[in-house]
Structure formats: C-alpha cells, structure tokens
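A.B. asks: Take full-length UniProt numbering: the final residue in the sequence shown is number 174, and no numbers are missing along the way.
Hints were generated in silico from the structure; no laboratory data involved.
Each hint should be verified, as a subset may be incorrect.
What the hints assert, rightly or not - With a Cα cut of at most 20 Å, we get these calculated EDC-like pairs of lysine to aspartate or glutamate: (1) Lys66 with Asp101; (2) Lys88 with Glu47; (3) Lys127 with Glu47; (4) Lys42 with Glu73; (5) Lys11 with Glu47; (6) Lys105 with Asp122; (7) Lys42 with Asp76.
As the structure is a prediction and not an experimental result, all values here were calculated from the model.
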Amino acid sequence: MAKRAGGARKKLRRGLWSPEEDEKLMNHIAKYGHGCWSSVPKLAGLERCGKSCRLRWINYLRPDLKRGAFSQEEEDLIIHLHSMLGNKWSQIAAQLPGRTDNEVKNFWNSYIKKKLRQRGIDPATHKPLAEWSDYVFDGYNHQLPPYNHGGIYGGGDSKDTAVHFDAHALGNWC
Numbered sequence: 001m002a003k004r005a006g007g008a009r010k011k012l013r014r015g016l017w018s019p020e021e022d023e024k025l026m027n028h029i030a031k032y033g034h035g036c037w038s039s040v041p042k043l044a045g046l047e048r049c050g051k052s053c054r055l056r057w058i059n060y061l062r063p064d065l066k067r068g069a070f071s072q073e074e075e076d077l078i079i080h081l082h083s084m085l086g087n088k089w090s091q092i093a094a095q096l097p098g099r100t101d102n103e104v105k106n107f108w109n110s111y112i113k114k115k116l117r118q119r120g121i122d123p124a125t126h127k128p129l130a131e132w133s134d135y136v137f138d139g140y141n142h143q144l145p146p147y148n149h150g151g152i153y154g155g156g157d158s159k160d161t162a163v164h165f166d167a168h169a170l171g172n173w174c
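Work the whole structure out from these sequences, hints included.
C.D. replies: In structure tokens, the structure reads:
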C-alpha cells in the first residue's frame, strides 16, 4: 500500500494489467524515460507500485523484446552458456538480444531440463546420467557400456569400452 498525505494509506491495484494501464506506462516512458521507478506510477497516473511498473516494462512492454518461441539456435546457445555459467540467467539472457532473464529461466526449467534428461544428460552437470542402468530410447531398453568419466565431450582412451558422447551424436545438445 502507498502512503497518502496525512498518513492514510491508499490501496494499490494488484493483479492483471489493463490495456489502459499499459498505454499510460508506455506513454510516460516514451515521453520522460523511466528514471526512478518509485516515482513512475504517480507521474504516469497509475495506482501501482514502482516495482510492478518496472517488471511490466522489462518483461512485457519494452519495444525491443523478442516475442514467440525460442529458435533452435537460441536453445543451443542457452544450453552451451548454462554449461559454462550455471543458473546465471541475467548473464545468459544478455547474450540473447530481446530475451529476459526470467523468460530464459522459465524456458530452461519448463522445457530444456526435461529434454536433456530424456536424452540421458544431467541438466546440472551437462554430463551423462551415470545413475541409470537402462536408458529408454524409442520405447526400447538399451544397456549402455560402462560410464566414461570424460563427460559428454569425450575424453579418455578411445579404445576402452566406455560410451563416448559428442555434440553431433547428441543432436547438438552440448
């Protein structure tokens, strides 16, 4: 809640944004810029808090936002950057113009993590899941040879019996 003159509190609006509110926020930012987010709601004539205005602008209204599904190139880049940076979503999103850190994080958690697991890759370490004794591919169980501790990028002696993963064999997943 926001304070009013005299100590009384005014209830702020919560929940979904209306098209009119979006229009007010976009017009204000186009004319004055965002400056100090805590002052934007009052100056724009909105009954929202500054944080709500900031998040609405950053995640939905910015004109440079990329809309729609992630491309295969973006997906591959997210996987590659995650293998190097871990869950540093802001740093990963900085390499994907028009994508927000929250959008990248949600895409990772709802889609890529599951896809990597289905391919037998641990999404946290980007290495084969060593715990599984059977993998299911196309509905059939297949025994894998002993685990190669060299990781998904190969390593170790190519003459040993360990399975060797490479990015091409995994469909450019790593």
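A.B. asks: Holds or violated: are the alpha carbons of Lys42 and Asp76 at most 20 Å from each other?
C.D. replies: violated, 42 Å
A.B. asks: Between Lys42 and Glu73, does the CA-CA distance stay at or below 20 Å?
C.D. replies: Violated, because 42 Å separates the two Cα atoms, which is more than 20 Å.
A.B. asks: Does Glu47 lie within 20 Å of Lys88 when you go C-alpha to C-alpha?
C.D. replies: violated, 33 Å
A.B. asks: Can you confirm whether the C-alpha distance between Lys127 and Glu47 stays at or below 20 Å?
C.D. replies: violated, 49 Å
A.B. asks: Check whether the Cα positions of Lys105 and Asp122 lie no farther apart than 20 Å.
C.D. replies: holds, 17 Å
A.B. asks: Measure nothing beyond the straight line between the CA atoms of Lys66 and Asp101; if it is 20 Å or shorter, mark the hint as holding.
C.D. replies: holds, 12 Å
A.B. asks: CA of Lys11 to CA of Glu47, is that 20 Å or under?
C.D. replies: With a Cα-Cα distance of about 8 Å, the restraint between Lys11 and Glu47 holds, given a limit of 20 Å.
Hint violations for this structure: numbers 2, 3, 4, 7, all remaining hints satisfied.
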